[in-house]
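This is what each chain is made of:
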Amino acid sequence: MHDPILQTRGLNSYYGDFQALYDVELDVGEGEVLAIIGANGAGKTTLMRSITGLLTNGPGQIHYRGQDISRLRADEVAELGLAMVPEGRQLFPSLSVKENLMIGAQVGRKGPWDLKAVYDLFPILEERKDQASTSLSGGQQQMVAIGRALMANPDLILFDEISLGLAPIIIKDIYQALPGIIGEGMSAIIVEQDITKALSVSSRVYCLQEGRVSLESASDTVSREDISRAYFGIE
Amino acid sequence: MEWLNAIVQGTLLGGLYALFAAGLSLIFGVMRLVNIAHGDLIVLAAYLGLTVTTATGMHPMAALVIVVPAMALIGYALQRGLLNQTLGDDILPPLLVTFGLSVIIQNGLLEVYTADPQTLNAGALETASVAVGGVALGILPLLTFGIAIAVIWGLQWTFYHTALGRAFRAVSDNQDIAQLMGLNRRHIFGLAMALALGVTAIAGILLGIRTSFDPSIGGGRLIFGFEAVIIGGLGNLWGTLVGGVILGVAQTIGAKIDPGWQLLAGHIAFLVILAVRPNGLFPRVSG
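For the protein sequence lines, the chains are A and B, in the order given.
At position 168 of the first sequence the residue is numbered 178 (my numbering), and the sequence of numbers has no breaks.
At position 7 of the second sequence the residue is numbered 174 (my numbering), and the sequence of numbers has no breaks.
Worth flagging that the hints you see were computed from the coordinates, not collected in a lab.
As the structure is a computational prediction, the values presented were derived from the model and not from experiment.
Among the hints, erroneous ones may be present.
Residues from chain B shown here face chain A by an in silico Cβ test under 8 Å; the list is partial [what the hints assert, rightly or not]: (1) 333; (2) 337; (3) 346; (4) 348; (5) 351.
Computed footprint of chain B on chain A, listed as stretches where at least three residues anywhere in the stretch have a Cβ under 8 Å from a Cβ of chain B [what the hints assert, rightly or not]: (6) 87-100; (7) 103-116.
Even glycine gets a Cβ: it sits at the ideal position worked out from N, Cα and C.
Please model the entire structure based on the sequences and the hints provided.
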């Protein structure tokens with residue numbers, strides 16, 4: 011594996027008194043695409059919220075490029091070059107398509123992604139740039155959410171359930187576009203319920219089960235049986 | 168003609184009410200904070216104006232150059248130091264804390280400035296007027312109305328054409344996701360409060376020139392501000408101006424019928440609109 015861009019060590023996350031993650035140990039290499047799979051409630055979204063700083067963690071549990079980011083606020087984490095495409099897209103309803111994209115650039119990081127680059131990737135967004143983001147179809151909203159994250163020119167991008175609630179044809183389009191998006195040395199974590207899709211774009215895969223890592227493997231060699239066992243906990 | 172006069176004067180008075188309301192509307196829109204101390208902050212601005220004018224001999228309108236930034240600074244500090252800590256899922260803590268703040272400001276003003284009514288001396292501006300078609304229009308009310316339009320236009324422009332306004336709307340929509348985009352909501356809220364109290368400073372100075380004030384009148388200004396916001400529809404700044412005008416006209420018409428009815432007529436107009444259109448006349452279309 012390459013040098014890790016992100017490491018979690020003994021990561022425990024809580025919602026109030028409820029513990030959602032137990033001792034999660036995870037490494038993302040520089041330029042690597044990692045898939046995280048797991049059933050509903052396994053802790054995938056909690057993991058994303060912990061990494062991005064939306065949940066507070068204990069000290070020393072998350073390192074980004076050697077720096078301890080576990081206690082940083084989400085906006086401070088974002089400035090370091092970590093962006094997320096949140097589950098359910100979560101666009102800003104009172105902002106137009108273009109404004110949603112421009113909010114993504116708020117962190118002020120330099121890089122290849124700007125409005126023009128996003129419009130080149132998703133031409134439909136340029137046609138719709140002045141519309142309210144809520145007026146778009148689900149797939150188009152997902153394009154805005156992806157574009158918004160790219161506008162931050164992140165080094166590590168997190169995709170949380172990008173195929174959730176979208177038509178299969180749209181999911182196919184988005185996954186076809188992914189390699190072009192993640193190229194150029196960007197690292198990515200893809201959280202996905204569709205295991206085939208997740209394995210097809212990633213080099214390694216982690217499976218979460220009830221808040222614990224139940225499997226870690228290379229994506230091309232992992233067997234269906236191993237996944238079933240890790241996913242459902244059935245021996 | 169007397170009725171026309173009442174309507175025109177009421178409209179101009181509405182400009183002042185819209186200025187009371189604009190800051191209130193702004194901070195509610197951005198951070199869902201209902202600021203009970205808003206009226207007392209208006210009065211505080213008037214007293215700051217008094218101190219500046221008596222210390223330097225400046226005209227009250229010129230004192231805006233000092234009072235507006237001072238109030239904006241107070242707003243930012245207040246938000247970062249106190250009010251941010253009260254914001255959360257529960258709407259009660261900010262209400263209680265700003266209520267306490269209101270009591271503190273009133274009593275602080277009472278200690279420093281006593282209960283004697285004061286006015287800001289604006290010289291000829293207070294009495295100057297022009298006659299238009301048989302109706303005498305005071306220069307000060309005209310100026311106030313013009314400033315109200317300019318302020319609301321300015322706020323509207325800031326909201327929809329600047330990065331700051333975009334940040335305000337984004338944070339208002341979804342605080343977590345805005346934070347993910349690198350916007351620190353605590354700082355953004357501080358800026359929103361700074362902007363709101365900057366507007367409040369203008370309202371306070373204009374109030375102080377128009378009428379006498381003492382530390383206890385904040386509550387009444389808060390009510391007028393609230394009523395203007397609710398009549399116009401929450402989150403709609405131009406609606407707030409209309410709300411202020413409706414309130415002002417109702418008051419002057421009430422006063423025309425019987426001087427004792429001035430305030431009552433305003434409240435009745437408010438209650439009628441609340442009963443007929445609970446969301447106000449121009450509610451913001453939510454996404």
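Right, here's what the structure says about each hint:
| no. | hint | result |
| --- | --- | --- |
| 1 | 333 | holds (5 Å) |
| 2 | 337 | holds (5 Å) |
| 3 | 346 | holds (4 Å) |
| 4 | 348 | holds (5 Å) |
| 5 | 351 | holds (5 Å) |
| 6 | 87-100 | holds (count 6) |
| 7 | 103-116 | holds (count 8) |
The structure meets every hint from the earlier list without exception.
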